[in-house]
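Sequence order for the protein chains is S and H. Using full-length UniProt numbering, the letters of the first sequence correspond one by one to residues 1 to 568. Using full-length UniProt numbering, the letters of the second sequence correspond one by one to residues 1 to 568.
Keep in mind the hints are simulated off the structure, nothing from the lab. Some hints could be false.
No distinction is drawn between identical chains; accordingly, a pair holds when it is met within one copy or between any pair of copies.
Straight-line distance between alpha carbons at most 30 Å, and here's what the computed DSS-like set of lysine-lysine pairs gives [said to hold, decoys possible]:
#, residue 1, residue 2
1, 449, 410
2, 516, 42
3, 447, 410
4, 44, 268
5, 449, 67
6, 412, 212
7, 291, 516
8, 205, 519
9, 550, 74
10, 44, 212
11, 187, 200
12, 81, 290
13, 410, 74
14, 138, 291
15, 550, 79
16, 78, 138
17, 138, 205
18, 42, 79
19, 41, 550
20, 291, 81
21, 212, 511
22, 138, 79
23, 290, 519
2 protein chains.
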Amino acid sequence: MDLKNRPDEWKIEQGFSGGQLPVLDQTGPEPRMIAPQGEFKKWKDEAAISAVGDLDQLFAEELDGWKGYVEWEKYPDKKAKAHKILTSQNFPPPPEFQMGPIPETNPVLEGIRWKMWHYAIGGALGTVPEDSWEIIVKEKHPDMLHLLQFPYNGEPPKRLVTAEPMTPNPLHFVRNHGGIPIIDSQKFELSLDGLVANPKTFTLKDLQDENKFPRIEKTVTIQCSGTRRVEQISLYAGEGDEMINAPWAEGAIGTARYVGVSLKKVIKACGGLVNGGKHFEFYGADTYFKKNQVMNYVVSVPWSKVRANEVILAWEMNGEPLPKIHGYPLRVVVMGYIGARSVKWLYRIKAIENPSRAPVQSQEYLYFNQQVGKHNQRMTDGIQIQEMPVSSAIMSPWTKQVVVHNGVIKCKGWAYSGGGRWPERVEVSTDGGQNWYPVPPENMSKKYKYAWRTWEIDIPCDVEGWIEVVCRCWDNSLNTQPLTVRSSWNWGLHVTSSAHRINIYSVNKTKPTTAKRLKEYEDRGVPFAPITNPTEWQIQSWDDYENYWKQHDPRDAENEYDSRDLED
Amino acid sequence: MDLKNRPDEWKIEQGFSGGQLPVLDQTGPEPRMIAPQGEFKKWKDEAAISAVGDLDQLFAEELDGWKGYVEWEKYPDKKAKAHKILTSQNFPPPPEFQMGPIPETNPVLEGIRWKMWHYAIGGALGTVPEDSWEIIVKEKHPDMLHLLQFPYNGEPPKRLVTAEPMTPNPLHFVRNHGGIPIIDSQKFELSLDGLVANPKTFTLKDLQDENKFPRIEKTVTIQCSGTRRVEQISLYAGEGDEMINAPWAEGAIGTARYVGVSLKKVIKACGGLVNGGKHFEFYGADTYFKKNQVMNYVVSVPWSKVRANEVILAWEMNGEPLPKIHGYPLRVVVMGYIGARSVKWLYRIKAIENPSRAPVQSQEYLYFNQQVGKHNQRMTDGIQIQEMPVSSAIMSPWTKQVVVHNGVIKCKGWAYSGGGRWPERVEVSTDGGQNWYPVPPENMSKKYKYAWRTWEIDIPCDVEGWIEVVCRCWDNSLNTQPLTVRSSWNWGLHVTSSAHRINIYSVNKTKPTTAKRLKEYEDRGVPFAPITNPTEWQIQSWDDYENYWKQHDPRDAENEYDSRDLED
Chain S
1 MDLKNRPDEW
11 KIEQGFSGGQ
21 LPVLDQTGPE
31 PRMIAPQGEF
41 KKWKDEAAIS
51 AVGDLDQLFA
61 EELDGWKGYV
71 EWEKYPDKKA
81 KAHKILTSQN
91 FPPPPEFQMG
101 PIPETNPVLE
111 GIRWKMWHYA
121 IGGALGTVPE
131 DSWEIIVKEK
141 HPDMLHLLQF
151 PYNGEPPKRL
161 VTAEPMTPNP
171 LHFVRNHGGI
181 PIIDSQKFEL
191 SLDGLVANPK
201 TFTLKDLQDE
211 NKFPRIEKTV
221 TIQCSGTRRV
231 EQISLYAGEG
241 DEMINAPWAE
251 GAIGTARYVG
261 VSLKKVIKAC
271 GGLVNGGKHF
281 EFYGADTYFK
291 KNQVMNYVVS
301 VPWSKVRANE
311 VILAWEMNGE
321 PLPKIHGYPL
331 RVVVMGYIGA
341 RSVKWLYRIK
351 AIENPSRAPV
361 QSQEYLYFNQ
371 QVGKHNQRMT
381 DGIQIQEMPV
391 SSAIMSPWTK
401 QVVVHNGVIK
411 CKGWAYSGGG
421 RWPERVEVST
431 DGGQNWYPVP
441 PENMSKKYKY
451 AWRTWEIDIP
461 CDVEGWIEVV
471 CRCWDNSLNT
481 QPLTVRSSWN
491 WGLHVTSSAH
501 RINIYSVNKT
511 KPTTAKRLKE
521 YEDRGVPFAP
531 ITNPTEWQIQ
541 SWDDYENYWK
551 QHDPRDAENE
561 YDSRDLED
Chain H
1 MDLKNRPDEW
11 KIEQGFSGGQ
21 LPVLDQTGPE
31 PRMIAPQGEF
41 KKWKDEAAIS
51 AVGDLDQLFA
61 EELDGWKGYV
71 EWEKYPDKKA
81 KAHKILTSQN
91 FPPPPEFQMG
101 PIPETNPVLE
111 GIRWKMWHYA
121 IGGALGTVPE
131 DSWEIIVKEK
141 HPDMLHLLQF
151 PYNGEPPKRL
161 VTAEPMTPNP
171 LHFVRNHGGI
181 PIIDSQKFEL
191 SLDGLVANPK
201 TFTLKDLQDE
211 NKFPRIEKTV
221 TIQCSGTRRV
231 EQISLYAGEG
241 DEMINAPWAE
251 GAIGTARYVG
261 VSLKKVIKAC
271 GGLVNGGKHF
281 EFYGADTYFK
291 KNQVMNYVVS
301 VPWSKVRANE
311 VILAWEMNGE
321 PLPKIHGYPL
331 RVVVMGYIGA
341 RSVKWLYRIK
351 AIENPSRAPV
361 QSQEYLYFNQ
371 QVGKHNQRMT
381 DGIQIQEMPV
391 SSAIMSPWTK
401 QVVVHNGVIK
411 CKGWAYSGGG
421 RWPERVEVST
431 DGGQNWYPVP
441 PENMSKKYKY
451 AWRTWEIDIP
461 CDVEGWIEVV
471 CRCWDNSLNT
481 QPLTVRSSWN
491 WGLHVTSSAH
501 RINIYSVNKT
511 KPTTAKRLKE
521 YEDRGVPFAP
531 ITNPTEWQIQ
541 SWDDYENYWK
551 QHDPRDAENE
561 YDSRDLED
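Construct the complete structure from the given sequences, taking the supplied hints into account.
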């Protein structure tokens, strides 16, 4: 078959292969099609890379007993050398998975660029991707859905997300930004410096000494701002960053009981803030990459948050020492904030005057207005995401699922609000958001100031065919969710807090015609799904058919024959 | 990697592999997951098939000079034998393409079941799939998008659909329901029987004899009721029939100048109707299959349509004899009706009392209410589709395309209304249907009673990012289109007449920040598309960043440090 057109032209025209769509430039006298990026061409300046020096020596472990930790922030020269290595070669672009079908694999995405960057730097980073994966396999539940292998991003499947109001550690979602540093707790130290009266260093034992610091134990929900991103992606493609905007579903949220100390008490032990200190920069031992710069994972929170005792330095999660993948031996837990501020493998806190200029704070996790995109994006166009807004999600049924019921559909899910607010009411609609039923209070899990609530509801549903089930939450401040994904879609694909909508195929067995058809399927042993499979037998008798037409008007009105009409 | 969960679980949960979704049965005391149809298991009763007889003899060509034509309707016994063959074996289910990604191929779908049915019957049908494909390659434009190889369904790519207001024959869409009979026009005869005063037979020469029949020449748009079906599929899966509901885009419509005679004049030549005759059954020489029954392609139209001289028996298309694929030597053209009534390879017209009971009329091309679906579908639940409603489509830009413009976006497309109505006004919105601009009358092609109009418009557009461009038509009766696909979605996936909506990524070059960013891309020689590709360089200077924060409120309100607060 000889085709002049591209075999995938139809898919391109219909937006199924969006990555291959040419740009349509209408600014000239004639419209012009501009080809998208072509094949990746690798280049590498081996001489320049060799000239940088011996990688094992340059990028060695910083500390004994801290595997996979390279200190970057103290050594500008080391950073410059790493930068030189990364800019003396190129790396393949991130995979395009937003504008075409999602990959068939699990892990869905590999994170090949992050792996390659680690290998390129070498030294202590050289085996981090493999070491990390080993921990993941050991510590996480075998049923986790791996969205990104490295840095690891994974969430539990829907059937397990809300199976218990408190998320078991192996099922708690993970959104790592780098590899997993493996730290010997005996050799662990946390330093506190910057604009504090007395900079100090603390061992884990110091922090755990109840004579020095009162313990805090809190039930806290941590949520990634990427939760439910897949809904934004399904609508419109957005930012594809080096860090990979993973196509999270509804499981990038988890609830656990953390034990630790309030950061405020540690600040107090350092004599309080001085010289205009008002923000706290947290340093993670993991290595982070941004635009060919290499660094530690760094973000900050404001004093007001610390002052409210809403920042814990935690070593225990659900009664166990922190799992390695969750930041062992010490992590930050910022209650009611985006998960990205709850730094893992915390080794340093620096009091500073302004919010951190580190890229995770200044360039990422930004909430843009819809007018901002690749064509005009600036850091200052975004709101830095901190407190998470009210949101909710349906965990059962699943979208596109056929649900056979007796006029009542059972739904379950979660609801959450950040900033110390909590779900006060959850409402569910089976008609796309026209009418809402409240979840009975007794069907909602226990109320906490900083945690989600799981819920269940039976909703009356008469209609059949494709219906849209929607849930929304009202928090204790009476905030509620936007009704459509479009209304809060943003280029960074963050904070998908709109009412969660799923389409299900409602089959109401209380309807006699439906019950009869289902019985036909059952009697013949033919599965009802997928619904696209044709019904192979005659679906109505010809007697019924003829009867119908005897009892009703014919298909066409005014169809009487008169031979005089032949002459027109 | 040892995974307990299915590697595709995440995709199943998110509705990306809908065909593998289990049914959720909530009618019992506990919810139950019921597996969808499993792997296809072939069976075949060779003895039963052999017992039917010699296929070459049983299913021989009906007429000399008519290749690929088996007459079924006159021989109930032959039909019964073919049925026996088909029910003595099974055939694979149709491919599932609605609930997962569309196949990567062109032809998109092969029509393997239809091929297998032809091979199973054998005789004159044995080589029809191959003979037909040969004609397709010869007669159709090499750029046609092949949605279904057999029976052939193809449409022109968007760039060619409205390139001319009159569709060139090689680019006219084709929705065949069977193979292509290859008929020698010298040996062609049309018979007219049933409830007419004097049943007669006509050669092509008879019909073309202007002394016997006045000629009609008409510009007619023929449209498949499946046009734009892909939009319904993208929203919700629907009926998957043996005939395959092809995922048509906007090209299943075409306009040509036909020459022929009015059927009314031929009826007159037969002395008119008698004994309650009120409908006309058209017989096509192609072979059709439905639920293991084998038949000719048969549909009917009412007398009222014939009486209005809206039914032509045509032999010429755009100044040429009908192409083989379009029904050579003679076809029906029913003006303003669904294409399925315009029977190709017409060999018989039978006057009857009621609309045809043949399956294409009684069981297919039905327009259902949304409550009808696989769970309860009956033939009598649907309106038999005849006249096509008002509709329209955007041919440029394409959905998901990045459009760079100077504050004005150029769009073009088609508009059509069936039943002898015509597009009187076309309107386009760039804000999802809030505000509408009319296409200037001078930008619309010539008005015909039975044909579409092509159009072009320049629409002001200030906003950037993902915008929704929508078009709708008002016909001369002031009918217009439903605004959303959902509002007219139906199980048969027919008549996608809702306002056509495309999403484009608007880049307004009159905005200074945008012009600057585009120039950066141009200067660096980096393609702007796909937009998901990250911008690899720093997108804002740190000076600008610091300046911004000097001139604005800080991120967090009320963040003043007071050492007394350390005591809380």
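Going down the list of hints, with the structure as the test:
no., hint, result
1, 449 / 410, "within (27 Å within a copy, 53 Å between copies)"
2, 516 / 42, "between (63 Å within a copy, 28 Å between copies)"
3, 447 / 410, "within (22 Å within a copy, 54 Å between copies)"
4, 44 / 268, "neither (51 Å within a copy, 83 Å between copies)"
5, 449 / 67, "neither (37 Å within a copy, 79 Å between copies)"
6, 412 / 212, "neither (44 Å within a copy, 74 Å between copies)"
7, 291 / 516, "between (62 Å within a copy, 20 Å between copies)"
8, 205 / 519, "neither (67 Å within a copy, 56 Å between copies)"
9, 550 / 74, "between (90 Å within a copy, 27 Å between copies)"
10, 44 / 212, "neither (54 Å within a copy, 82 Å between copies)"
11, 187 / 200, "within (16 Å within a copy, 103 Å between copies)"
12, 81 / 290, "within (15 Å within a copy, 72 Å between copies)"
13, 410 / 74, "neither (56 Å within a copy, 55 Å between copies)"
14, 138 / 291, "neither (32 Å within a copy, 53 Å between copies)"
15, 550 / 79, "between (86 Å within a copy, 28 Å between copies)"
16, 78 / 138, "neither (33 Å within a copy, 67 Å between copies)"
17, 138 / 205, "within (26 Å within a copy, 83 Å between copies)"
18, 42 / 79, "within (23 Å within a copy, 64 Å between copies)"
19, 41 / 550, "neither (72 Å within a copy, 42 Å between copies)"
20, 291 / 81, "within (14 Å within a copy, 72 Å between copies)"
21, 212 / 511, "neither (68 Å within a copy, 58 Å between copies)"
22, 138 / 79, "neither (32 Å within a copy, 64 Å between copies)"
23, 290 / 519, "between (59 Å within a copy, 23 Å between copies)"
The structure does not agree with the numbered hints 4, 5, 6, 8, 10, 13, 14, 16, 19, 21, 22 stated previously, though it agrees with the rest.
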